[in-house]
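Trainee: Single-letter residue listing:
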Amino acid sequence: MRYGRGHVRGADAGNRTGRPGSAHPQTSLRPGPAPGHGRQNAPAHSGAGPGPDRSARRLPVPAPLRLLRGGLCDRAATAERRSALPQPPVIQVDGVGKTFKAGLLRSHVTTAVRDVSLRIEPGKTLAVVGESGCGKTTLARLVAGLLRPDAGAVMFAGQTITAWPRKQLRRRLQMIFQDADGSLNPNLTAEELLLEPMRLHGSSRVQSRERLPEMLDMVGLTPDLLPRHPHEMSGGQRQRIGLARAMSLEPELVIADEPVASLDRSVQAQILSQLNEFQKRDGVAYLYISHDLATVRALADEVAVMLGGVFVETGPAEDVFRNPAHPYTRLLLDAVDEGIHAGARASGLENQAAANQAAANRGCPLASVCPLASANCTNALPSLVGFEPNRAVRCERVC
Amino acid sequence: GQNGVLNVGGPWGPKTLDVHKSGYVYKRLGVIDNLIEVDENIKLVPGLAESWTISPDKKTWTFTLREGVLYHDGTPLTAGSVKSSLERLQRVGSLLKDVPLQSIEAPDDHTLVLTTTEPFAPLAAYMAMGESAPLAPSSFDESDEIIKPVGTGPFVFESWKPKNEVVLARNDAYWGPKAKVAKVVYRAVPDAVTRLAMLRAGDLDIAQILPPDAIDSLEQSGKFTIMRTAIGRCRMMGLNMAKEPFSDIRVRKAVNLAVNRQDLVDYVLEGVGETATTLYPPMVFWANENVQGFPFDPAAAKKLLTEAGWVDENGDGIREKDGAPLHVKLVTYPERAALPPTAEVVQAQLGDVGFDVELIVVQVDAAEAMAKQGKHDMFLVGRGLLFVPDPDYNLMKDYYSTNALAGGWGAYHYKNNKVDALLLEGRAEFDQTKRKVIYDQIQELLMEDSPMAYLNYYVNVDAVAKDVQGYRMHPTESSYHLETVSLPD
Amino acid sequence: MPAKWRRPGLIAGVVLCLCLAVCAIFAPAIAPHSPDKQHLAHRLEGPSAEFPLGADKLGRCVASRLLYGLRPSLGLAVSVTLLVAVVGVVLGVTAAYFRPLDALLMRIADCFFAFPGIVMALLAISILGPGMVSLVIALALPGWPKYARVARSVALGLREQGYVEATRAIGAGPVYVLRRCILPGVLPPVATIATLGIGGKIIQVAALGFLGLGVQPPTPEWGTMLIKGLPMLGTAPHVALSATTAIAMSVLAFTLLGESLRDALDPRSGLTAWSQLQVAA
Amino acid sequence: MLLFILKRIVSLAPVLFGVSVAAFLSLAWCPGDPAEIALRTLTESETPPKAAVAELREQMGLDRPLYVQYWRWLGRTLHGDLGHSYQTGASVVSEVKRALGPSTLLAGTSTLLAMLIVIPLGALSAARSGSLLDRATMAGSLVAISIPDFCIGILLFLIFSVRLDWLPVAGYGSVVNLILPALTLAVASACITTRLMRTCMVQALEEKYVITARSKGMGEWRVAGLHAMKNALPPVLTYLGAQMGYLFGGAVVVESIFLWPGLGRLLVEAVKARDVYVVQGCILAIACIYVLINLMVDIVQAWVDPRIQAGAHHAG
Amino acid sequence: MSEPASKTNGDLLRVQELTVQFPSPAGVVRAVDGVSLRLRQGERTCLVGESGCGKTILALALLRLLPPGTRLSGQVLFQGVDVLRLSEKAMRRVRRQGMGMIFEQPSAYLNPLFPAGWQVAEAVRLSRGGSRSAAKRRALRLLDMVRIPEAGKRYHLFPHQFSGGMRQRVMIAMALAKDPRLLVADEPTTALDPTVRLGILSLLRECLDETGAACLCITHDWDAARSLCDTAAVMYAGQMLETGPADRVLRTPRHPYAQALRQAMDGRTPRPIPGQAPALTDLPEGCRFQPRCVYSGGACATVLPPLNGGVRCHNHQ
Ligand SMILES: Nc1ncnc2c1ncn2[C@@H]1O[C@H](COP(=O)(O)OP(=O)(O)OP(=O)(O)O)[C@@H](O)[C@H]1O
Ligand SMILES: Nc1ncnc2c1ncn2[C@@H]1O[C@H](COP(=O)(O)OP(=O)(O)OP(=O)(O)O)[C@@H](O)[C@H]1O
Ligand SMILES: [Mg+2]
Ligand SMILES: [Mg+2]
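Residue numbers (the numbering used here), protein chains in the order written: chain P, -2 to 396; chain B, 8 to 496; chain C, 17 to 297; chain L, 332 to 647; chain Z, 192 to 508.
Excised from the complex, chain P in its bound form (with noise of 0.2 Å):
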């Protein structure tokens, strides 16, 4: 099975539209350095939608953002930083495990985090998509540094996160945060919020203030919202202000969790090909994580398909949504969509969540409701096996 998917994904590598800068180096989810295949993996075209290539379309969307041009950091700097060879990668997990205990006595014991390593270099992105629940924001705050790992380590441009000094760290690691509406500080107004990161980061406030306008426009935000407080403002509102705080500092890596959920989808769309048009740009690496695989396509070059606190799937975007390996991703592809109007497969998952976390201790978290699982799946988890070109599964019954 194994041998024939590959083979499948080979005959398909040579259709993949190149993308400029494909020299860079592998974006790779697993540690150690990336193996050597050279070729990048954009999205390609597929039979739904017309759209053509963003690559051959400019979007008729606000000029990209240049907040940094004004002095705030030396981009001359921070370019060569970036070429230098051998380029370490943005962002390096090893192993990483967070347990939380819960409960009066602290008896609830949940395992957010199992074992994940993921390595993100520059310029790239790596979605990681999953089950509600599963780990992601918990993985997400791990990597930046924000929570403490009980196993593994994180590094960053080479270097343990923790050992970064702080301000030197948020200016080139930024997070955007799932919960818009509590991670606004309250007290402070919409323009306060937007001046914040850059004022802490030292430009002046007249300086920063220059930038409004742009920052607003970047994220589709109109002036009169300015004076305004987080709880004056729409769902989708507060969240474009984290959004724009986050990217305002030029970071090298931007660690999005759910990002766009809350926003209709043109503002979704002004956003993403924003986003998109940044890492162009700059080279900004992205640990993207969403629900909705539709965003996930449009900006991911590597997916993480993550289940019960581990990633369950790893590969190029294309790849895994084209030819989904893990028993868990096909049910999560099979879901979108299409699936909502025949009300497919609703009732297979029906006691999947329940099984997770008991299975996530030991075994499989999927074992108890997979089609495919045998004895062994509840028993002990399966590694993570490498079974194609940068592509990896945790299941024992597909490689």
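One should not assume that every hint holds.
Stated by the list, open to error - No farther apart than 27 Å at their CA atoms in a straight line, the calculated lysine-lysine pairs in the DSSO-like style are these:
(1) B/K404 x B/K336
(2) L/K539 x B/K65
(3) Z/K327 x L/K539
(4) B/K422 x B/K379
(5) B/K104 x L/K381
(6) C/K53 x B/K309
What the hints assert, rightly or not - Now the stretches of chain C that chain L is said to cover, found in silico as 3 or more residues with beta-carbon under 8 Å:
(7) 114 to 128
(8) 166 to 175
(9) 204 to 213
(10) 262 to 271
Just so you know, these hints were derived from the structure itself, not from any lab.
Since we're looking at a predicted model, the values are computed, not measured.
Backbone N, C-alpha and C fix where the C-beta goes; we use that ideal spot for every residue, glycine too.
Got chain P sorted already, so can you dock chains B, C, L and Z with the ligands onto it with the hints?
Mentor: Just chains B, C, L and Z with the ligands, lined up with the frame of chain P:
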């Protein structure tokens, strides 16, 4: 006053049961009797000792004890028991520490012989103090600690709550007239307002030491008898003679003349007090009635000040001398409520004749410390005169030169050889009339030297429920005479 | 004037505080008599043309004494309260935010709080002698732990808010987080305690006066006036009542000022309860 | 949680040490000679005999250097012997014990009463802000704060004991004796706390979960009294806790007005009498109580707000 | 509320010319501007539209949950009674049994100091009464229904211990707890992954089928909207732009804005609508979409088109 119980409330509470350490509470309540008692004129009269004689060399005192006196535990009072009681007092108490006592002997059951190393006339007065009252041996346990005071008084100690309450029962085997009430509950109620309220609510039959402001309304209610008793305490200002300006007798006299004593009594004490002429209030045997005291005469005061070189040169109302203003520090303490307002009025009165008085009201220990170090010019105090009901006790402490030079509560840095000599003489003189002459002389000398300004004498205000009869406060506060108090049936 | 400052409560608070300040500064000009002058013949007289608020036990003009007492009483109470609140809040918030410091700071607070005020006062007086400095110390040392604890308890809840993490994620240091995220939430309760605490402090000053630590007589001082006046409540109520009113008015002034400032600065309260109250009142 | 409590208990030791040293020094630095003062208070005479003073000084070890005095005292303390009061001769432990009961009763009852006043009143004023009740509460708290607590006590007993004769004026023993002092202290500490409660409630009522609660069709009572209240409580409980700690040593005046034989009175009298061992005993007792109360407050707070315990996970 | 059904013509909800305005420093925010809406018994309408166009405010207005200081006008007839003029008490009854609301971004909407399960049980008890244990049982069932894994164990956990999606599901459980006549769901599936979203949607559908409740579903997820709802409404800058059967409006919208929105994420590449939505403090005189509209011309810039045949556009006859 229910069920024959007399409820008395005063500001202070019993801190210890040990009469030898602190005996005044039990003395006042009538649990203990002394060998010698003090009458209302502060003269010594026989108590448990029917009589006493002094040897010609004035060093041996022989007391003849009353017969048929029983301790509360039923054992008879014997010279032996008095001796052992006094010996314990020497061991644990402080009363006799300054007394040149040589030996205590009990040749027979009813004779007690005390010997002193030198003639010491005040000894009799010491024998009138609560601490020196005889206690039955059953008052103490094997380790010499007090169990409860077993005395010979009209009331038997029943129980107590430290600092709060003492309960007494009538001593039916009392040698003298028996008490009329069966039971007494004495309660310490430190707060005057509470005391008053308890009296009004009927929780107390007798409330002691009430603020003068309360008198009117109590009298109006018609339910209480107000008793005013002059007691042996004097409010006075010691003047610091160690330095300017009070090293000059004219300034000291000026102060005395500038103080309007009647105003102080009328306005600060609400009329409850007596203006002072000399150290002792007139009802005290030792008071020199011939001493007239100072009149209120600001003009004379001003004249004296001018004579002394203190003139108001710059017209600011404050006198100066050699450019230095007549600035004096008046130190007092707030623990006795009348002192701070007294100080304020004195400040104003002295201001009228050209003093600039700075007031310092600090806690008593701090005030004393300041006074000891001579950081004051005037030290306003309330002074008990008759704790030991003999003039020697206080006068020695306050006016004998070596004591006065060492600081303290009396005349600061006062030295008058004549006074010193008289004091020593008084101590060795055993004849009361002759002693009176000596102490009268001393009072006249003090008047002349004016090391102090005597302001007024204390008057205690006690309120008694109308139906309670026979209550009397002793001028030395050594007894409440509860044995004569009767309740209605 | 922006709308958020246009609040009846705020205006009333500012006006009252200004009045107090004017009274304090121009007391000599306004007062009908010298505060220390004893008119013994008029003692305990009720209000009259000559003595607008009557005379006290020593025949001094109560109105003049209240005016002159403004400076020592209110000055002391306000400055001590401010000092104590600031120190308390800083320490409390720091303790809440830096977990390892928490135990240490709170134990220190325990130490100070366990120390009864009078012991502290005695200590101050013995080392420094009576005077303003020791008075401030005697009031302040046992006073700050209360603020620290309240500030800490609010801050403990706030620091778990999502936006605190978000602010850290953009690179804010602890000081910034404390200032921008935590302090705004801590201030309202602290302001409440502090403004009301002013009245309590005035009375405490009077109580310490008993130990000789207070403002020395004859300098007029409100708390002492009140306490001295209390026993005469039946016969000469004007003394105690004037002092009580003076204290209550100044507490009111600062409460109005403090709370409406808070409301004006609180983004979430468009028109909060308190400002409505002031509209109504 | 257990570990948390244990840690707190261990951290009690340095506090006690600090307090004891400070207590010791403070008395040593206070003006006046303890021996002399002791004799003075005992005999009611301003000038006790010099010989007696010297003897007592020696007895009390006051002639030794300070640190020796302290170490001797500490050594004995660790053996549970806090020395003897030289005022009464009783052991300090027994004195403190005797005062502790009444103090606990009074502080506990009045704190409870205060809570009964504060929580509903503060919550109601916040929920019904602008109402008559709210205005009355706000005005009442302003006036109450400008009147000293003992004055409230006097007013209470003038009304209830003297005028109406419902309750005894003062004393200690039965429950009726407890009512007035407890009420006095409760009112005194309630006036600030009610305002605090109101402030915190107003803050809490602005939160979004209040909207959720309303959307459930919940009555304003329950919205305020449960959902907002729980969020408003931590600072209020903290303040009340601090207040309660204060009542153990600071309720002197009220205790002496109502003849309540509590710790505050014991302490103040001991301080005035410079009864060093009793003062040290009292301070130790008060420190212990205060630390215990704070421990309870901390535990309650951690229990009310589960996020506080979660704080341990944070990095940076 | 107690009005006979006949008087209401089978309309469960009838919103007429509802206007919601907020005074703000930058001028009055006209968040909802003359919106009319009808919902029959059991009808499910979805409300889609630009982020910030007033959907949430509209929903909050229905339950009268807007903050004090908000200016409201118009009518919200629920079962024939104007909700905006009800007494607090009657309004509570409406909220308790009549309308349920699922709030968007629910973290702030859950009380942080109460266990999440408990909050669901509370909703149960408020609407149905009954014992605590019965309420808890039902709450557990509801949590199970919304696919909270290990609901029994998680019952006692606090909101911050849940993931974003779980919190949203708790919110849904809370709204479903009372079997409302009208369910207002504000972005109920934004934080959910596809599989769970599927489950929740079918759960909602089942519940609505079972109880015959009507539903106003605000969402950006057109597929979900299409699968769940009968009718659809498109909102823009505080106004309705297009209404009609869900299938038609969501598949082949007629209004240029709806069309553009339809296509925004259709393909592989996102295609945003050029330009920006107008500020609600400073709305254009004419058609509010006109500045961004490719068909704009003529009266578009000056005259506000009426909602004609379910479409608010001059170019649509
Ligand atoms: N309290 C307020 N004061 C002023 N303006 C407000 C207030 N609340 C909301 N608004 C504004 O009203 C408009 C409508 O907000 P609403 O929350 O209804 O948007 P929405 O359609 O739900 O958007 P989203 O899809 O982003 O949730 C927004 O532009 C918002 O900024
Ligand atoms: N502070 C915490 N205490 C206890 N459990 C927690 C805590 N935070 C998260 N969890 C648990 O960890 C698991 C993963 O949570 P996480 O927020 O990472 O999920 P997620 O993948 O982001 O889900 P979603 O897509 O719904 O946001 C969940 O089961 C959650 O209940
Ligand atoms: Mg999440
Ligand atoms: Mg919304």
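Trainee: Does each hint hold? Answer for all of them.
Mentor: Now for the hints, and whether the structure bears them out:
no. : hint            : verdict
1   : B/K404 x B/K336 : 23 Å, holds
2   : L/K539 x B/K65  : 96 Å, violated
3   : Z/K327 x L/K539 : 24 Å, holds
4   : B/K422 x B/K379 : 16 Å, holds
5   : B/K104 x L/K381 : 8 Å, holds
6   : C/K53 x B/K309  : 20 Å, holds
7   : 114 to 128      : holds (count 7)
8   : 166 to 175      : holds (count 7)
9   : 204 to 213      : holds (count 7)
10  : 262 to 271      : holds (count 5)
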